Each structure stands twice: as C-alpha cells, then as structure tokens.
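Each chain, letter by letter, is given below.
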Amino acid sequence: MGKSATTSDVHALFHSLRSAYAATANHLKIIDLYIVFAIVTAVIQVAYMAIVGSFPFNSFLSGVLSCVGTAVLAVSLRIQVNKDNKEFKDLPPERAFADFVLCNLVLHLVIMNFLG
Amino acid sequence: MAAPKFAFLLLNLISILPLLVSSFSVDRPTDRRILVLLDDLSLKSSHSLFFSSLKSRGFDLDFKLADDPAIAVKRYGQYMYDGLILLSPSTERFGGSLDVEGVLDFVDSGHDLIVAADANASDLIRNIAAECGVDFDEDPSAVVVDHSSYAVSETEGDHTLIAADDFIQSDVILGNKKIEAPVLFKGIGHSLNPANSMVLKALSASPSSYSTNPSSKLSSQPPSLYGTAISLVSVVQARNAARIMISGSLDMFSNRLFRAGVQKSGSLNKYEKSGNEQFITELSKWIFHERGHLKAVNLRHNKVGESEEPSMYRINDDLEFSVEIFEWSGSSWVPHVSKDVQVQFYMMSPYVLKTLSTNGKGLYHTSFKVPDVYGVFQFKVEYQKLGYTSLSLSKQIPVRPFKHNEYERFITTAFPYYGASFSMMAGFFIFSGVYLYNK
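Chain order of the listed sequences is A and B.
Residues in the first sequence are numbered from 1 upward in steps of one, following our numbering.
Residues in the second sequence are numbered from 117 upward in steps of one, following our numbering.
In isolation and in its complexed conformation, chain B is listed as follows (with noise of 0.2 Å):
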C-alpha cells in the first residue's frame, strides 16, 4: 500500500523539475529574471508602474541596491540573470563582484541591458554607455534643454522638460500602435558615433535642442552637442541578439511623467496622458526579446527531382534551397513573413543571387542553375532588418565540373576532326585501291 503512494510522490516531484528549466533558452529567447539595480529603494515605489507593467508581462525582478555587497550576476560560471536594468545612474561602484567589465561580459554573452542616466550620472554609467557606443556629453552639469519644443508646464520654466516626438520609425521595435503623445525627457543627452551600424537613436532630440547647463551663462562657444545629433534614448543590437538601451533620462520611467498630462509648446493638442508608458512598455518589449527575435531552422538543398541533400553538385544543375524562419510572439514561434530574404551561391563572390519566395507559413524557397564554374560554394543567407535579430546562415557544397562520360555524345564543335579522322580512312581505301590497278 504504501508502494504506489511513494510512486506517486516521486512522480509530481519528477513533474516539477521542468519549472526549474524556466530560464532564458533558445528555445524560449524571452527574458525571464532580471536584476534590478536602484540607487534608492523609493525608485521601487516611485517607479512601480514600470515594474508592475514588467512583472505582468511574467519577468521575475530582483530589485537590490547599487551598493549593495551580496550583487552577482555570474555564480560557478553561469549567468543567473537574463537581463539587467540599470536605474542608478548616480552610484560610483556598484556592490559586489559587478564591475564595468562585469556588465560588458554580461552584454557580450547575449543578455539584455536597461541604463539609465540622469544629469547626475556618475562615471561609472557614462563608461558603460561609451562601450556601449553612445556618449554623453562631457560636461557633466549639462542637461538638454530646448526652447522651443519643450513640455508647457506650470511649474518648471527652464525648459529641461521636453517633449519628444521624433521616434525612430520602426514596428517592430515601437509596436505597431502609433504613439499619439510626446514623450516627456529630463536628463542629459548623447551623441552616436556614425560611424556604428548596431546603435540606433529611438528618440531623437529635435533641431532646436542643445546641451547646455541651465544655471550658467551659455559660452561663447557653440554647444559640443545640438540639434538632432543629440539622441535622447538609443538602442543597440548587438551582432549576438543583445540588445541594449540607453536613456539619458530616469525620470521617464517615473510614474510622475507617466500619468502627466503632456502639451508641446507651439502645439494646440494637449494630450492627458504623455506618450511615456507606451513608450517605454513597447521598447522594453523589444529590449527582452519579446518581440523582433528571429531563428531560422531546416536550410536545405536538393537536386530538382529529389529529396535527399547530395554531398556535392555538378555543374548546370538544377537545384532548389528552402529556410524556414520563425520570429518569437513573446509566447510561441511565428511564421516570419518576408518579401526580402535573399540567398546567395558564393565563392569568393556571389555567382547566383535570388530573392526567395515565402508559402506565408515561414517557408522560403526557390531554384535556380547551378553556374558553369566548378569549386567549392556557400548557399549563403544574410538577413539584417531593422529591429531584427540578424539571420546570418551559410552551408558550403563542393561543384565539380563534367564527368568525361557526361558530354554530348558528339560534341558539334568537334565535327570537323571527325570528317577529316573518316576522310582520312576514306582516302586510304581510296588510295589503295588507285595504288594497286595502276599500270
């Protein structure tokens, strides 16, 4: 009797160890534990529609003070984080074992990162933005300030509030909903190299902005950073899916300047609620893989006629190649539907480039002529959208040239060698004939 209650037991314990399997996999590339680091536990109060908006969408938060000692991010090795949210922009050293390069190492192993900064940002978050590839601005008292795109407001009139509406324009990255409202941002801004491809402005400053220091006389010389070249939020792709964003203001966050009502100075609209939450709730979709995360499975090619993938081609053969690319909803893989995606034949160069065509269930596919040149090749596929993971594929297969059994049975331009080969044995016959019954 007491046999199959044990065996019952064992069974729901054995049941349980999928939960402890819920981390970030490739299977499943959302986020699902991120550390927060405050530099105040009343951020977590001050804040909590943020959070609360994160924790609905199932992250699990581990909130901790900048300082505090017990910080790690890494134990025996392995991360026990998927993504990071910096909202301590004025801590000079973090706690613990975290460190500058604690958080690169943390990035460059394809986890995900939230910095905030605030005019008072100490160095520590200015040099993890720079690695990142942004830079704020080198003086450390100035803020953006914009005078004529700022957020009319009764109480501040520095203009250090401003409404932002120069979103970068992309769906997959924003949401496909429009976002009607500026963004109110008060904090310091920062310029992109242009040099880097992976960093993107998501907000940009507009024309009329600089960065300055309010209380102080503007200098004689022009502001280092103005006009659209200051971006108030970035983001970043690295080339192994991380993904990265950067804001120069911690007050966006706030649930402050979410609920606040947001009007533009020189606009009539006044809206009731500030662009902010959407915002911020759509871009941190984004940032922990809910959205934008592509995998491509199954690349495979054959000879027309057949199904199985040959070890090698030859030459003018025909072929057909076929990917299958899923993009991740947040809960299930997708079809990813494409008018874009290319493959190449390449050897050194490409010899064969072709768009190919999707059946709308996440199959591309296509054929197309093996060339005339023989060696080894790459089916190669290089696939980088905007806001997308990149999809870079490639399988390599061996052409050879004509088996000396696979030419024409006559080859045309041969015909003259053998009309002489038979005129000569023709002439022969011919000759002895003529040779013998002369008299």
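Looking at chain A on its own, in the form it has when it is part of the complex (with noise of 0.2 Å):
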C-alpha cells in the first residue's frame, strides 16, 4: 500500500516537474541546455584525472575552471534575464547579455594563461 504510494508519488512529482519545465521560455531553455554541457564536459575531466593522475595539475585545473566558470557565467546571464526575477526587473536584457560576453572573454583569457 505504502510503496505503491510512494512510486505514484514520485512519478507525481516527475509529471510535475516535467510539465512545470516545458513552461519556462525558450531562450532560458538554451542557456540550460549549455549549462549542462559545461557541467558534463567539467565530470568528465575529473574522472579522466582519477584515472591518469593530476600531472600536469595546472592544466587539470585550468580545463576544469573553464567548464565552471563558463557554467556559472551562464547560470547568471539566466538569472538577470529571467522575467520573473523580480530584482532584475529594471535591468536590460542586453546589458546582461553584454556582461555575459566581457566576463567569458577575461575567463578564456585566464584560461589560455594557466594552461600552459
């Protein structure tokens, strides 16, 4: 009684999660979509750096800065742009946007440097 409870709950909470998302606009939908590339592309290194070893350690860190970084950058540019965030009400999406591009180019830029 109970389990059959909880597995109908839980496919609840899908159903509902799953029609809440397709809800959210199209242009947060593309900024998800390149989060999660950069948060795969960032696992995928660490497991490549438990099976080889960190040697050379800067280059680890560098590849797997850029994956966060670009992820967080995103994760931003998502928040600024959302209209119904209400403390960027007044800010301009493309004031956000232009913030997004000049902090990715002093990210790379750091990134090209420490990678050796």
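By construction, these hints were calculated from the structure, which means they are not laboratory data.
Check the hints yourself; a few may be wrong.
[To be verified] Computed spacing ranges between beta-carbons, pair by pair: (1) ILE51(A) - LYS485(B): 26 to 34 Å; (2) ILE30(A) - ILE527(B): 44 to 52 Å; (3) ASN85(A) - ILE527(B): 15 to 23 Å; (4) PHE538(B) - SER4(A): 45 to 53 Å.
Remember, it's a predicted structure, so these values are computed and weren't measured experimentally.
Ideal Cβ positions, reconstructed from N, Cα and C, are used throughout, including at glycine.
Build the complex from these two chains, which are given one at a time in their own frames, with help from the hints.
In structure tokens:
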C-alpha cells in the first residue's frame, strides 16, 4: 500500500516538474542546455584525472575552471534575463548579455594563460 | 771574480735540498728509512741476507738493540722512520720512548711494520700482535708441530721445523713468480679472528699441524690451535694503507734457513734452496709499498658534449664520468689495469651502478643517464681488491628537477584538458549565436 503510494508520488512529482519546465521560455531552455554541456565536460575531466593522475595539475585546473566558470556565467545570465525574477526587473537583457560576453572574454584569457 | 764563484757554490748547495726531502711522501709511497730493533746484535750477521736484500732495494736501515735507551721513532711530532722491523721476540720492554702505544700510533699514522715472534716471545710482542688482529697461542711454551708436513732433517727430529707451502693466492702480495719450494718455519702459530676483514693469512699451516709444547706429554684436551686455523705468517692492510706482517718464526728470516735445502716429508721432491728467501723478499716488497699501492686522481664528470664540470645536473641528463688510477711500481706510477672498477651514483642507495671501462692507460670512464629522481647525489668509487690499497672516492653533486619551461610544449596527458577548454570557447560562440538569433 505504502510502496505503490510512494512510486505513484514519485511519478506525480516527475510529471509536475516536467510540465512546469515545459512552460519555461525558450531562451532560458537554451541557457540550461549550455549549462548542462559545461557541467558534463567538467565531470568527464575529473573522471579522467582520477584515472590518469594529476600531472600536469595546472592544465587540469584550467580545464575544469573553464567549464565551471562557463557554467557560473551562464547561470548568472539566466538569473538576470529571467522575466519572473523581481530583483532584476529594471535590468535590460541586452546589458546582461553584454556583461556575459565580457566576463567570458576575461575567463578565456585566464584559462589560456593557465593552461600551459 | 769572487761573486760568480760564490753564486756557483750557492747554486750547488741549493741543489742538495731535494735530497733532504727523500723520505716517504704521497708521491713516492715506497718507504725509505726503516728502524730495525734486534734482541741481539748477532742477528745482523745471522740474518744478513735479509738485510742486504733490503739495502739493495734502496732502504736505509737503522739497527738498534731493542733496549737501547736512545730509541725514538718520533721527534718534535714527526716520525723519523717510514717502517719498523721488530726482530726482538724476547724483549719485555723497549728502550727509549717506544712502547705498545708508540708502535700502534706508528702504524695508525700509516707506516709499515714487520714483527717476528719466536718460541720465547714476550708479552710485549704478543700484545702488539693482538692489537693488530693476530692472536698467538696463549700457552707460552707451545710451538707449531706437524707430523706429516715437517721438513726432513738430519738433526732435528721433533717435527717443529715445518715445510709450509700453503700460500695466499695473490700475485700482488707474493709476486707473479710462483714459489716452488716450501718455506721452512720454526716457531709459534697464531690464529685470526674470522670477523676481522683486514687481516689475511699469507702462509697457513697444513691441516695436520697443531700447537703444543713438544717436550711435554700431550694433554687429554685437544690443542686450542690446530689445522688450517693456524696461520704461520699473516699480513694486515689497514684502511690508511699501513701494512703489517706478523710472523711466528724469527728463524724464517735467517741465513741458515734461506740457504737450506728442503724436502717435505711424504714428498719425493728435494729442493736445493728453500722458498724462504723468495717468500720473505716478495712479502717485504709488498709490505714496504713497492707493489700494490694505488692512487686515484682526476675524478671528473661532465655533461655529454661539454668539457667543464657543472655545479648541478638536471634529471634525465646524460653525463660522462672518468677517473684515473695508477699503481706504484717501486720507482714510478704506472697505469693500473683492471676490469672491475665500478662507480655508483648514490643517494642513500645506489641509483646507478656501472662498471668502468678502461683505455689501458689508467683512464676509467663511463657514461650514463641521471635517474629520474632529484636530490643530492654522490659519485662513489669503492675499490677494494686483495693486496691493493683500497680506494674510497666520492664527489657530491646536486640534481635538480625540470624548470617549468623544460617540459615538452604540449603534454600528451593534458590533451583532454586542452580539448575541454577549447570546446568551452567554441560552445560560448555557438551559444551566443543561437541565443541572439533565437526568435
């Protein structure tokens, strides 16, 4: 009785999440896809380091930081661009995107330097 | 007219100065001045063949009675002699300022010693020998007796005169001519501590010999010294290259036994002349450093392709190492040829151990790669061969790891990280395009 209740609860939860997510705007979904891509690449690198060892450590850090930094910048873009967010109501989305581009430039400069 | 004459005289006087420096020195290891202490001045004539052979090889012998009060080996802190021969077995105390400590200090400072004991050896001689690693039989009346290896003789029938031919196998110590005739020996035997690695048996007794008092009945207990454990003549080479010879028989050095014919019991060979003269002469050549003295010079190392010695190496460098080893021939330094000199590249344990190859002229060289470990290493050459002075050389050199710009430009193991970073850049461009042009 309890088990079928929990499994049906899980199913119901999944369904509600999926339908709620489907309701988000398209441009936000594009940003989410980009974030997932970045995180997956980071996880692959960490798994590789666990197998092969941490030489050269600076390259590993640079690779992981590029993925994580990209993800962080994309997240902050998503926050600023989301119309449902009361905090950034007055911020034009173009301004948010321009900040995003500049920060990415700086990030990639640092990454290329530290990559060795 | 007087001035040039005076200058000529002065020049002559100056040319005598090198003669004053003719003593033992590192460049000429053969000893020069030897003090001979005798019990009895008649030994000078009864052992004259031995002394004249030494004199003919250029040694200055200074004969003194063992209790002569004027004996002094040291004056103002400097040793006046390079070698000491003690042919005074029954002396209880030396005259002058010499005692057991004095003799041991003499040896400890690198000088050579020949000690001959006898059936009536005093405690002094026994103590000196014990300090050198040789233990004479504790029974003061015991001599070496051998009933199957004695010298056949018309006069002596108690088998105390033995014919020994169990020599140490070493061309350096005994010369390269084989000693054909046995050596006649009459005296006391000694044993060596097996844990002592510096003392060697130059002449061993045969397995049928034993140490006992020939005039008393054999006790029920077996003798404490017997068989090949008895050494008749032993040599010691100390770590500072001092050489000591300890013989249990003074008669072995005498003219009578030098000239005597010898026939070993049980053997049909009759030799006109015993092996004593050859044995003693060759052994004394070794003792007084006319043979078997090595020196190593010019320990050099450098990177392959360079000629200067660097102050530091890097890991995985290729380097060359060379050393020159010479042997004293009695009158000059000749190249020492050997196939088994090795060098170690050592830090707590040898990371590299290589046998050096030689060019026949005394130069030993090899090349190897510095190991993949950094730290402070030493080039170590430890060469210890029977009969030769030991060489113990070391030179310290630090080894550093790679500098950050000495790695390969693109490291293969880091390719996934390079790929990830570039893919992030590409992703950024594609994302911006897609985001901006998305309706």
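Practice prompt. Return the numbers of the hints above that this structure violates; sort them in rising order.
Written response: 2 and 3
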